[in-house]
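**Q** What follows is the residue order along each chain.
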Amino acid sequence: MSARTRRRLVEGVTGLASLTFPRTRRTDGRVVRDCARDSVDGAGLWALPREGVSVAWAGLRTRPREAAFELRSAPWREALSVLTLPLAATILVVWIFGFIPRYDHWPLGEGWALLLGGSLLAVIGAALQHRWLTALGATATLVAAAGPYLGAGTETALADTPSFFHGWRVDIGAASLFPTALLIAGALSLPRRSLPPVRALMARLALGLAPAVVALVHLLPVPQPEPTRIYTSTLGPGGEVMIIGPTFGPPYPYPWIPSSRPLIAALGIALAVAVVVTWRRARTHPHHVLATGLVLTSVSYPVAWVAIRFDPVAAPYWLYNGAYPLLLAALPLLLALVLMRRAGRTASQLH
Amino acid sequence: MELRPASYFVLASLLDGPLHGYAISSRAAELSEGEVRLTAGTLYGALDRMAARGLVEVEREETVGGRLRRYYRLTGAGREAVVEEAERLASAARVVQERRRRPREAKGLA
Numbered sequence: 001m002s003a004r005t006r007r008r009l010v011e012g013v014t015g016l017a018s019l020t021f022p023r024t025r026r027t028d029g030r031v032v033r034d035c036a037r038d039s040v041d042g043a044g045l046w047a048l049p050r051e052g053v054s055v056a057w058a059g060l061r062t063r064p065r066e067a068a069f070e071l072r073s074a075p076w077r078e079a080l081s082v083l084t085l086p087l088a089a090t091i092l093v094v095w096i097f098g099f100i101p102r103y104d105h106w107p108l109g110e111g112w113a114l115l116l117g118g119s120l121l122a123v124i125g126a127a128l129q130h131r132w133l134t135a136l137g138a139t140a141t142l143v144a145a146a147g148p149y150l151g152a153g154t155e156t157a158l159a160d161t162p163s164f165f166h167g168w169r170v171d172i173g174a175a176s177l178f179p180t181a182l183l184i185a186g187a188l189s190l191p192r193r194s195l196p197p198v199r200a201l202m203a204r205l206a207l208g209l210a211p212a213v214v215a216l217v218h219l220l221p222v223p224q225p226e227p228t229r230i231y232t233s234t235l236g237p238g239g240e241v242m243i244i245g246p247t248f249g250p251p252y253p254y255p256w257i258p259s260s261r262p263l264i265a266a267l268g269i270a271l272a273v274a275v276v277v278t279w280r281r282a283r284t285h286p287h288h289v290l291a292t293g294l295v296l297t298s299v300s301y302p303v304a305w306v307a308i309r310f311d312p313v314a315a316p317y318w319l320y321n322g323a324y325p326l327l328l329a330a331l332p333l334l335l336a337l338v339l340m341r342r343a344g345r346t347a348s349q350l351h
Numbered sequence: 001m002e003l004r005p006a007s008y009f010v011l012a013s014l015l016d017g018p019l020h021g022y023a024i025s026s027r028a029a030e031l032s033e034g035e036v037r038l039t040a041g042t043l044y045g046a047l048d049r050m051a052a053r054g055l056v057e058v059e060r061e062e063t064v065g066g067r068l069r070r071y072y073r074l075t076g077a078g079r080e081a082v083v084e085e086a087e088r089l090a091s092a093a094r095v096v097q098e099r100r101r102r103p104r105e106a107k108g109l110a
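Protein chains in written order, with the numbering used here: chain A, 1 to 351; chain B, 1 to 110.
Hints in this document: simulated from the structure, not taken from any laboratory. One thing to keep in mind: the hints can contain errors.
The following label-pair restraints were derived from C-beta to C-beta distances [said to hold, decoys possible]:
(1) B/Arg-53 with A/Arg-6: 34 to 42 Å
(2) B/Glu-59 with A/Val-276: 39 to 47 Å
(3) A/Thr-284 with B/Glu-84: 26 to 34 Å
(4) B/Arg-60 with A/Pro-197: 52 to 60 Å
(5) B/Ala-52 with A/Trp-57: 36 to 44 Å
(6) B/Thr-63 with A/Trp-57: 18 to 26 Å
(7) B/Thr-63 with A/Pro-64: 23 to 31 Å
(8) B/Thr-42 with A/Ser-2: 26 to 34 Å
(9) B/Glu-80 with A/Arg-6: 39 to 47 Å
(10) A/Trp-57 with B/Glu-80: 27 to 35 Å
(11) A/Thr-27 with B/Gly-17: 39 to 47 Å
Rough simulated footprint, nothing fancy, chain A against chain B, three-plus residues with beta-carbon under 8 Å [what the hints assert, rightly or not]:
(12) 8-17
(13) 77-89
Glycine is no exception: its CB is placed at the ideal position from the N, C-alpha and C atoms.
Required output: the full structure, derived from the provided sequences and hints.
**A** The following block contains the structure:
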């Protein structure tokens, strides 16, 4: 082998191995790589595989530490505070979509009073940047939303309560639970400070309520709300299955929101816009991209179900209850991790 | 503070002054009579850990023949650690050597 080919081989192998170093440790990677090249020059070509592996391993070994450092440096508190207003506004929209099309009797039950009142209070609290007001509203919403899944108010045994994602439907009520819990965390991360100036406060309030107004304009006027149809099956005298019904139950016994294409499309677009915009602004506002990552994490499972339900990645029915939703949920989760990592990296560089 | 053999010879190789990575690994191999052979990745991992413990520090970086070299030097704590370890090893060796000598002396007396 000529000296030139030998040099190229050594440089190629060690250079490739040093690519395992993260971008932030590129100089370290160069130092280790060049040391490995010196070693191969000194010991002979037989040392190349050993040195190549050692450089690659050194790079891989720094990655978890680097990632942990970046995540530690990420502006968690700022990210949690910044997501309160958009998240509270979205949760209010979700419950308006659940309430308007199907609810037809007054006065409101305590569940709906808590859901609508709580989410409205959370929007107002987030606009005021008031920690306890936001937390109170979000907690009321969470309790009312989660209650039926624990059997509260459904007058049925726990085993008969609806599962979170049964069948092919996307239960947006259940999907709102993690984001609402995230909203509580966001509320508790709001800084203790006096109220913002009236002008800023009005602007924030308008911003927080605007999506709800758009939802109302979209949903109203409501045609005759549909009652809940209940079909019961029983075995007839000859052993044949007889369907009894439909009987009409209370219009909305638990906060289960029927799959709504406009709502899902609006939420999907909002999430996609948030990902793109915050990614682009990550250099100056790392906490925004981190906030998007957190929200994406909280909705990764419902996002997977939406993907299954709608055509682009439609799957056969037998996959619905298998590992497929979980595998699919890993994709948004992965994207969320990338966003959070970017936030951490930028923040650690800024520090 | 007990040192592993590799760390001991890396620190020992820096006793005479700052060295870069490849020079440290060559010197460590020479001092240990070929017992300690460190690849580039292992050496820098060890140097990183020792720098975190305050035993060594980066003195400078320079590019020689297109290759980046990072020079390390011993800190006061590093010098102290390697001297302590040498004394510990010497005293441990003395115990065995004295025991080996005693039977011979006993035989001589008899």
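**Q** Each hint: holds or not?
**A** To see whether the hints hold, each was checked on the structure:
| no. | hint | in the structure |
| --- | --- | --- |
| 1 | B/Arg-53 with A/Arg-6: 34 to 42 Å | 38 Å, holds |
| 2 | B/Glu-59 with A/Val-276: 39 to 47 Å | 46 Å, holds |
| 3 | A/Thr-284 with B/Glu-84: 26 to 34 Å | 50 Å, violated |
| 4 | B/Arg-60 with A/Pro-197: 52 to 60 Å | 53 Å, holds |
| 5 | B/Ala-52 with A/Trp-57: 36 to 44 Å | 19 Å, violated |
| 6 | B/Thr-63 with A/Trp-57: 18 to 26 Å | 25 Å, holds |
| 7 | B/Thr-63 with A/Pro-64: 23 to 31 Å | 30 Å, holds |
| 8 | B/Thr-42 with A/Ser-2: 26 to 34 Å | 31 Å, holds |
| 9 | B/Glu-80 with A/Arg-6: 39 to 47 Å | 44 Å, holds |
| 10 | A/Trp-57 with B/Glu-80: 27 to 35 Å | 31 Å, holds |
| 11 | A/Thr-27 with B/Gly-17: 39 to 47 Å | 23 Å, violated |
| 12 | 8-17 | violated (count 0) |
| 13 | 77-89 | violated (count 0) |
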